[in-house]
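Let's have the full structure, built from the sequences with the hints guiding it.
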Amino acid sequence: MIEQIREKARELLESGELDVVIGYAEGSDPSRTTPIFCRKPEDTDKLVLDGRCVNTLPAYLNKRHEYPKKGWKKTGIIGKGCDIRAITQLVAENQLKRDEVYIFGAECEGVVAHPEKWDGSLHEGNCASKCSSCDVKIPLDTDFYPGEKPEVDRSGPYLVTAPALATLVKMDDEDRFAFWRDDFDRCFKCYACREVCPHCSCNICITDRTMPSWVDQAAHTKGVFGWHLTRAMHLVGRCTGCGECTRACPVNIQVDLFNQKMKEVIQESFDYKSGYSMEVKPPLITYNTDDTENYIR
Amino acid sequence: MAKIGVFVCQCGNNISRTVDTADVAKDASEQSGVVFVEDYKFMCSAPGQEAFKKAIRDHDLDGCIVSACSPKMHEATFRNAAEAAGLNPFKVEIANIREQCSWVHNDKEIGTAKSKDLTHMMIQRVKYNRPLERYRMSMTKRALILGGGIAGIQAALDLANAGTPVTIVEKEPSLGGNMARLSETFPTLDCSQCILTPKMVEVQNHPLITIRAFAELEKLDGYIGNFKATIRQKAKSVIDKDCTGCGDCWEKCPFTVESEFDMNLIKRKVIYIPFPQAVPTVPVIDRANCPKFIKDKCGICADVCGPDCIDFTQEDEILEEEFGAVIVATGFELMPNVYKEYGGSSMPQHLIPKKMNKKQRAAQPRSTSGRLPDVINGLEFERLASASGPTGGEIRRPSDGKKPKTVVFIACVGSRDANKGVEYCSKICCMYTAKHTMLYNHSVHDGKAYVFYMDIRAGGKGYEEFINRAQDEGAEYIRGRVSALRKKGDKILVKGADTLQGCAVDIEADMVVLATAMVPQADAIDFAKTLGISYDKHGFYSEQHPKLMPVDSSTGGIYLAGACQGVKDVPETVAQASAAASKVMQLFSKEELMREPEVAIVDKDHCMNCWDCVTVCPYLAISPEEVKDRDGNVVKMVANVNPGLCQGCGLCNTVCRSKSIELQGYTDQQVYAQITAFEGAFV
Amino acid sequence: MSKGIIRHDFEPKIMGFVCKWCTYSGADLAGTSRMDYSPHVRMVRLPCSGRIDPQFVIKAFEQGADGVIISGCHPGDCHYNEGNYYARRRNLAFRNLMEFNGIDTKRLEFSWISAAEAIKFTQIIDKFTNQVRELGPNEGYRVLLDPYASRLVKSSEESAA
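Residue numbers (the working numbering), protein chains in the order written: chain A, 1 to 297; chain B, 298 to 980; chain C, 981 to 1141.
Fair warning: there could be bad hints in the mix.
The calculated BS3-like cross-link candidates involving lysine-lysine, where the alpha carbons are at most 30 Å apart (straight line), are [stated by the list, open to error]:
#1 A:K281 - B:K826
#2 B:K844 - C:K1100
#3 B:K925 - A:K70
#4 A:K97 - B:K516
#5 C:K1100 - A:K170
#6 B:K933 - A:K74
#7 A:K281 - B:K592
#8 B:K901 - A:K63
#9 B:K564 - B:K525
#10 C:K1100 - A:K222
#11 A:K97 - B:K901
#12 A:K281 - B:K933
#13 B:K424 - A:K222
#14 C:K1107 - A:K170
#15 A:K73 - B:K717
#16 B:K784 - A:K97
#17 B:K933 - A:K97
#18 B:K564 - A:K281
#19 A:K97 - B:K925
#20 B:K549 - A:K281
#21 A:K74 - B:K901
#22 B:K369 - C:K1107
#23 C:K1100 - B:K405
#24 A:K170 - A:K149
#25 B:K933 - A:K70
#26 C:K1086 - A:K222
#27 B:K564 - A:K189
#28 C:K1107 - B:K405
#29 B:K933 - A:K63
#30 B:K549 - B:K589
#31 B:K717 - B:K784
Computed beta-carbon distance windows for the label pairs [what the hints assert, rightly or not]:
#32 C:S1013 - B:E720: 49 to 57 Å
#33 C:A1096 - B:E762: 51 to 59 Å
#34 B:Y432 - C:S1013: 35 to 43 Å
#35 C:K1107 - A:D143: 29 to 37 Å
Some residues of chain C that are not near chain A, with every Cβ distance over 12 Å (derived) [what the hints assert, rightly or not]:
#36 H988
#37 D989
#38 M1015
#39 E1042
#40 R1069
Please keep in mind that the hints were generated in silico from the structure rather than gathered at the bench.
On a predicted model such as this, the values are computed, not experimentally measured, just so you know.
Even glycine gets a Cβ: it sits at the ideal position worked out from N, Cα and C.
Next up, the structure:
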């Protein structure tokens, strides 16, 4: 599988059709892979693709980063199904033009929850929870797919609630508040969750704005509450569920639980799944006159 | 450091009864930035305002709070006073301590505490109020009227008589619209053309009115006061200015096709005017059917034309014109496709051209298969009853030309039933059905008219009396629906129900007339998108406010008249057209266009062009703009707000994640200041 | 006429974000009709319920509000045609988010109040004030207000355990 991708990537780099191919290469230790930017055809030999490839590479395609400004006309990118969803969403949000990227897609068996849990193979014990409810193991929108792309039925609800989410939802408000308070107490606002996110695309983040400072800059718990609520609210209907925010968190706060919860809400209320279409407008910038209003007096 | 003045009004004892205004003033004076406080009996009185102005001048204030009544009462008063004293009016804020405090709380302690808090919030807010300037814009004092029916005609005449130059764009070759098709009008039974055609002639002769018949609006750019319209003048193949309207060409033209104006009941020539009184009386060549254009044969019209004004090579002309206001008066049509239920299409069998092949048949506007020829709709009946119609005003059925002895009229066809058409009431059908029965009874003295109805809705001046008159003149009203129409010999068996008697009714009718629902023009929604106005789910154009702004569209400078906005009869249409015209006059009565500065502005450095604001803007006021470097290369795209279109709702500000667009006057910083000043200092 | 003033041990702080066309006018009408209602609400006048940003609500809670009221025109009545439809969606999402964060959604009120509904306005204010009063202070957030207090609470909990 990866051989075919290597071959194709080499071919396209040689022909000059692509200026760069973003993929994964062996990392500093055997349990990890690292993102690689292949500029030369021979670089493609380093490409790997397996359960250790956790990073969401489309984050690099986001305009916020310098990479898109390097003058590369067309960028190749190796994507897992969930990454390609992120690309679709970026295109839908006008952060990327579809014809500026060339997507190498491959069937994905899932990825490890955290590189530390890698023991040479992928199994139930170390697989990321997002993979259990994945309906894009055969990716959606690809330019290159090794072999024949099978037809997949994606009409199912795919609302498999992560175990952590299920327990949290069952708690009463006070306990849930205490849970988050304890978690957020650890947060020191390194903003790793923001930096890895493929959808945080503002050139200036609301938390860096000071007039007014809607989010307290200080890393005390109040400011952390404000930050995570804001972040979750900004990703409503946009998050494609790669879970990188949680993986990147150095103090193990499960920030993607917010996103997962909102994903459920959005899907139930507005029948919307982000990352599946470049045309359908995200739910918060559109409306129906007969939307639910059972919470309104 | 801010220099803020706080003026606490006692409002006689309206405020001071439950609020210790002196205490509020004293408390305000302790707030940072406050350099002047005043506690006064009536701030809005002349001496109060003078004191207000004097304080601004003496203390060189850069922000003022008036703690008084609701901003709806006196915000404008104090802003004007501030402007007179040299302070930007948008640096004045009102703390509402009367309607929302002193009048609703009876405890002085509570009232005072709440007043202090409300005043604090405004003090913090006003520190971040930016001085704003009202936008002054020049405008083109010309009006564009889309549609030359009675609504367009009325609006054009009203405007032109008030001195405004007007252009009417009409897609058909003549003005007149649907009203020109009507025979007589309810409730007076006066002849429609007799009252309409003099107005059409008046329009033609008016020096300030330009008629663009056989033309369509392609594009509308710009905003209130400054619209730029792209109009396609379709090729008439006749040179307007030379044509005398003598009629030689259409008399000699040997080719005929169905007349759209006469609802396909009769034929017209290929070079034609839709009806004899057409305005302008300039014929057009129907190129789709003219042999000169199909196979380059004939050309008789050019031979017989005296002034030599037939031009077969004429091409569509694209005109770009500027206007300050637009009136949309595009009218209605009758719901097509109801015949499936009631047996067929609108085109009588005997009139279907024999040579038509299968493809042509399919291309006909309505399916012709299985239609009962003597089932017609209201407008077709109007043509049958019209003195200028195909039968010269004698009511004869389309299939064989016999006088129908029994006619069944069916009301609410396609209306008031979401499953079989539209859920709204088509409103005018009760009245015109009554009129039809009378016209029929006047024409066929021994005939019998039956009306199947659901309810009679006759809520207009003289309308109920009119219905009674129709019944007195012999129309038999049966309350119930019709389940089926079947052909029986040369008659139509109408199977209906009489719900008052509780029995089934079968009537053998010679002709059936369907009171079909009025619906917007088939292309109404596309046209609304061209104009940038909003519309409801049926395609009727939405008014700005259902009660208080019934002629304004959602877009500033575009007004609505007639049935394009909702079902209407002629008097209502005329009233709305005059109202729209008066709105335009109101707009044009000023030298310059003044726009409130409370509009959105974009932080172009940080806009990340996700276009969420473009998507949510209800007024299409935001559009992408290119940012170029010195060499003219496009560096990036950012959002750009057109202050002429922005109405200041602030939706864009809310959806912008990086807060790169903000609503002036209600900026995030102002709201933030208010929130952080919130103490809830309630004892 | 007067409801009389009853002092409670706890008086909630309530912040209101309202649309100026409908709810703010409704509140003015309550004033001109001399209706009596709870004095706990401080309202911020905004052009449209669509202008109400979730940031406002978060900030209000951070600022010590025990409850927040959001109110605008009824669906179909929006002065800007569609602002309240967007508000309705946004607040549905935001409400769920707050709930997931462990903030009692009884502290967050969303209502449609037209300019004529002065009675509804006073009823909603009274009812909501009582509701928040029964819930008591927004303890969780109040602890957060003081960054050091949260640590103290935690350590005291630990020592108690």
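Unmet hints by their number, sorted upward, for this structure: 5, 7, 9, 10, 15, 16, 18, 20, 24, 27, 32, 33, 35, 39 and 40
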